[in-house]
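All chains should be built: construct the whole structure from the sequences, respecting the hints.
There are 4 protein chains.
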Amino acid sequence: MRKICVVITARASFGRVKTVLLAIKNRQDCDLQLIICGSALFDKFGSPVNWIEDDGFEITAKVNTLLEPGQVTAAAKTTGLGIIELSTIFENLRPDIVVTIADRYETMATAIAASYMNIPLAHIQGGEVTGNIDEKVRHAVTKLADLHFVATTAARQRVLKLGESPDKIHLTGCPSIDIAMGISKRNSLTFEPYKLYGGVGEEPDLAQRYLVVLQHPVTTELGNAQSDITCTLEAIKTVNLPTLWFWPNADPGTCGISKGIRTFREANDGLPIHFFRSMRTEHFLELIKNSACLIGNSSTGIREAAYLGVPVVNIGNRQNGRERGQNVVDVTPNTDLIEQAIRHQLNHGPYPPDFLYGKGDAGRQIAQILAEATLTFDKQITF
Amino acid sequence: MRKICVVITARASFGRVKTVLLAIKNRQDCDLQLIICGSALFDKFGSPVNWIEDDGFEITAKVNTLLEPGQVTAAAKTTGLGIIELSTIFENLRPDIVVTIADRYETMATAIAASYMNIPLAHIQGGEVTGNIDEKVRHAVTKLADLHFVATTAARQRVLKLGESPDKIHLTGCPSIDIAMGISKRNSLTFEPYKLYGGVGEEPDLAQRYLVVLQHPVTTELGNAQSDITCTLEAIKTVNLPTLWFWPNADPGTCGISKGIRTFREANDGLPIHFFRSMRTEHFLELIKNSACLIGNSSTGIREAAYLGVPVVNIGNRQNGRERGQNVVDVTPNTDLIEQAIRHQLNHGPYPPDFLYGKGDAGRQIAQILAEATLTFDKQITF
Amino acid sequence: MRKICVVITARASFGRVKTVLLAIKNRQDCDLQLIICGSALFDKFGSPVNWIEDDGFEITAKVNTLLEPGQVTAAAKTTGLGIIELSTIFENLRPDIVVTIADRYETMATAIAASYMNIPLAHIQGGEVTGNIDEKVRHAVTKLADLHFVATTAARQRVLKLGESPDKIHLTGCPSIDIAMGISKRNSLTFEPYKLYGGVGEEPDLAQRYLVVLQHPVTTELGNAQSDITCTLEAIKTVNLPTLWFWPNADPGTCGISKGIRTFREANDGLPIHFFRSMRTEHFLELIKNSACLIGNSSTGIREAAYLGVPVVNIGNRQNGRERGQNVVDVTPNTDLIEQAIRHQLNHGPYPPDFLYGKGDAGRQIAQILAEATLTFDKQITF
Amino acid sequence: MRKICVVITARASFGRVKTVLLAIKNRQDCDLQLIICGSALFDKFGSPVNWIEDDGFEITAKVNTLLEPGQVTAAAKTTGLGIIELSTIFENLRPDIVVTIADRYETMATAIAASYMNIPLAHIQGGEVTGNIDEKVRHAVTKLADLHFVATTAARQRVLKLGESPDKIHLTGCPSIDIAMGISKRNSLTFEPYKLYGGVGEEPDLAQRYLVVLQHPVTTELGNAQSDITCTLEAIKTVNLPTLWFWPNADPGTCGISKGIRTFREANDGLPIHFFRSMRTEHFLELIKNSACLIGNSSTGIREAAYLGVPVVNIGNRQNGRERGQNVVDVTPNTDLIEQAIRHQLNHGPYPPDFLYGKGDAGRQIAQILAEATLTFDKQITF
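Chains as they are written, first to last, in full-length UniProt numbering: chain L, 1 to 383; chain X, 1 to 383; chain U, 1 to 383; chain G, 1 to 383.
If you're looking for bench data, these hints aren't it; they were derived computationally from the structure.
Hints are not guaranteed to be accurate.
Note that the list lumps identical chains together, so a pair holds whenever it fits in one copy or between two copies.
In the BS3-like style, the derived pairs of lysine-lysine whose C-alpha atoms are separated by at most 25 Å in a straight line are [said to hold, decoys possible]:
(1) 62 <-> 259
(2) 3 <-> 62
(3) 259 <-> 44
(4) 62 <-> 168
All values derive from a computational prediction rather than experimental measurement.
Written out as structure tokens, the structure reads:
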């Protein structure tokens, strides 16, 4: 019975690997160990804990590691705490393999704790390119990981070039696309957002064309967080369509983003904007699928939105360099440019689906390899 | 005035960068911040603190991060603590650039704390290949670092292949060679080892041919630590020459090594072996320079010993894959094979000098680049 | 030159010991080491960092230890981090004595780090009685401390009864009263609160009778945080006077308080309430001195407000058992009772000054004893 | 089903509460959660982990928190780590009550984690008086604990005087006496120490009169560790009887003790001394029961040795002030005085049993109260 330990550190990660978790859970030869830590535990950052339990998963352990954002040391210390505590968790659970997801700064905690304890480490979503601290973290995690699940051909190529053995790299597509596939036929909302998810602000009519905004801080440009978000807020104000706005994740700079939103709200009453903390992945994807445009800098705009054909305005450097489809218009954080890009996308309307990040079968594939692959923890660069 | 913060986490690291530190200290345009942490603070692991101060350096801060070795979580937790505490140090010192050395597991703490705080990170000795957890750590640190000082042409090539910008990679040679050059003419000992460094065991006559042993644990083969060291001890017993033996570093597995040595000592009285905790780098290099053979798995056998032409018996996987000169005979940890290899080297005698790891000018070069290079903390993979 | 290290972990603590810090700074025989950590570093919790620097103090080190509040483990982990990091600070600064203030949960971090390192520990404000985790913490810190500065005769008696030596207990009064004395003649505001401190909400006319609210969570009654604050909000709504409201500290439960305030604000536009993050102690005391009533559960209502004769409505168990003057009306967290108590205090008007917590000379006395007392770190219970 | 979580942080603690654990385990209404952390995990410090498992207990979680001793910050940091990690353990196990034992420095970690999480805390062995950091820690833990199990009438009186409610203080005797009672009739050894426990040094004949030595560092007198132990070693050398010597615990100063022993051993071959790491409590008590004298500063000399009537030479300040029976001769750490005291005890021979620390029923009593008492976590000083 192979013990597979998956560590989830942020709200987005659960949605991203849910189909992997389901596939592991449904296998007879695997025991799923599910660890939730970091910002994924906090309601204010959109904790998926309730949804995880609703979906029938048992959480093996919760580990609170999140320092209050807003100090320059917060990300490092959250990572340090994560290493310390995850090593205890791993010591007690004795997993056969540990799985870490994508490139958030805390994923490094999982990678280091596993590597330094001689536990094989699998990494999902390596080999991509972006801006942000994520860029450094992603490739460093690749160099610690023993098994790689990549989403695109280019990502596979990049992991290879980084000196990983070809037999350890699996091109499975991104499991986030699995869920996007599941909801891709829903041409109207199957749930009532305001009723189900609360939030604050006006409740504009979603039968109209509406926008969705999800913009996170850029950790390498901390000083710009508040001014950047203000550009987006001003652009949205000018466009003046119904807008569903999601609070940012807990990355460094989140306080600047939140302060920008709060300051804007104090000064602007009655705009047709509603603010949500978070939403189940399926609902969030439904929401953008039926929206006129997704605005911000989330990787969802690059991945799932490509598959769903949603017009996207991608702002700033956070996704800089990540492969993207036709559905994305890139702009710098400038009110006028954002406004123009939104209007462009409104005129354009939906795009054809793009299968760049997968075809919807990643979860099952990844689970099978995790269950059956020969596991190793010692490797050497190939060149 | 550029503030350059160098973090030293192990006894060997000080010797390795001493000429860099001297060169920084002697520049008018730099302020050296010297942080000592981890095992480098502990007498029992050969702390260089006194030598650092004797050499006229001021230690800016000491940071105790070392968990008692002997638990499978110790390396991870030491690293986690290191990240937490170094981030506080960096917050208070506000260095312009942080320097991390080589590939010990704790170097990751320095790399992560600096990276996550948007402080430019320089890495010395990247691009080499070995076994041990060091192999993963070294390349992961390369992916976090913004500036690279490499020791060999092959290492330069490897860092390039890892997707780093050519203008950020500097082939300076290894600063450890600078010190080796300084003592390369000393054809007899200029100090009295027993008197100066104490230690335990017999005090065999060093006017005779003598051996030096330095063997660390292999972190990826923890279960073998005690049996591996016992092979070496038995081989040395058979060869029966005067031997100077150094206790191991604090890596995971150190308890197995120490237990092996202690058990052997209880059972073997009167052998001509003396045990030292540690020694100033200059003295240690003198010692091996004048020895008949260096035995174990330290990188000194590969680097400085090549320059000095010392015959080396390298045991096991720790240095697996690292470029080496003619002076090294590789063996697996087996009593007979080790004995044969030692006898081979005794027959062979000294080797001609090999400049593979540098020509003795690395310290000055590195200091100059640290002082003058344009510093950045945001990068992207080149492919 | 005696090195005195004072650790400040929360916004309120700076004001509370400012006159001590000034007196130390002005002595020739002392070197002041000032450490700021925990919530005292965060703007959102009213960081006093800028004021500290404005007042001419040099901050020796900042130490970020604050976990995001909102998880049941946050207070414990913040304390654990504090111990780890403060021990490093103490190791590097080598103070002759460490000073910890009052009874917040993180004060335990200072107390433990100093005690376990054999550094003499002084404690200000021991021997008082309250509710909250503060009650346990305060007396436990007394049992770790070597030198006690108490504010009242009853507090002195209690520290004695706890088995401390009489010669180690000094009845100096509370240094917070020193500042209250300094502003006690200001019968109108000498600053413009909205202009100087920003904040959100309406800006009611402060020439009218106005109220001040400062209500923190009760850590031992976490589940009630949101409902408790809502009672106060509703009572203030009914009274409908100009109100200056301060956001809570970072104690466990702070998220419930903030959520209660935010929810109330979304539902109640245009009430004459202004919300501040924080204020310099002198300004805050001026504000309450000139207010019609102070409402909430801050110890300021018990200490400084007694000296200043300000009518106070003290809500719930947080100050339960603390000695108080005539100016305090105690109520449970119930909308009607709070409203009635406010109306009672509005009818009553100012009270005569009460010198229960000191006469305004505590700072100088404490500094002198810190500078001159024989310092010890080893003690034994007296019974 | 009441969940009772017992945290064991040192080798001695398991023996001390074993009968409590057995009694909890045998109750139908309780679920025992057993956490092992700190030095109790390390073979070199005499880990009881194997014995715990041999005795049929299941270890719920292991938590590695021990920093390498030998730095002045080690005790504080081990405690800080303990708080951080135990809070995660408590969050996941959700115990109804947490039990902490005696007065070692790390017991504070258990006490703080539980207190700050509003979990009722029980304390075994409060109210006693000693030297060492233990003295501060013990009384501070009393001020954090909600339920007290004391060993002597004087201890009960002291906890009362510290302001604890009489109904929360239970005079049960010390559970360590329960085990002493169990072996009190064994007038010869039932096991072969050298065979069962290995160790190093000579193997003198235990059919002869023999001595047992167990001497720990005194944390408040760190600088004396090596010279103190050397006095004892020299005295034992002079007396020249078969001696069984136990390595010290992991308290600060342990390196000095170990160094003293190692240095002495290098210089003194062939003395009739055998060195053990540790031993099961039952065996250790058998060993002292049948010895001619117990020498050192362990509380076993004060507690169990009184019950067993073993002559004891108690050295230095560690047990200073602890109630003791007639069997103890106190001396300062001086070779001549220690020798004289040993000779005095050899002449005197066994003492009559003394029931000062209990009559052998503590485990059952404590378990019953833990299972049935009304649990609270909020308290106030009684005066």
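Hint check results:
Taking the shortest Cα distances, residue 62 and residue 259 sit within 25 Å of each other only across copies (23 Å), while inside one copy they are farther apart (29 Å). Taking CA atoms no more than 25 Å apart as the test, residue 3 paired with residue 62 passes in both settings, with 18 Å inside one copy and 19 Å between copies. When the C-alpha separation of residue 259 and residue 44 is checked against a cutoff of 25 Å, the pair qualifies both within a copy, at 14 Å, and between copies, at 10 Å. Taking the shortest alpha-carbon separations for residue 62 and residue 168, neither the intra-copy value of 30 Å nor the inter-copy value of 33 Å comes in at or below 25 Å.
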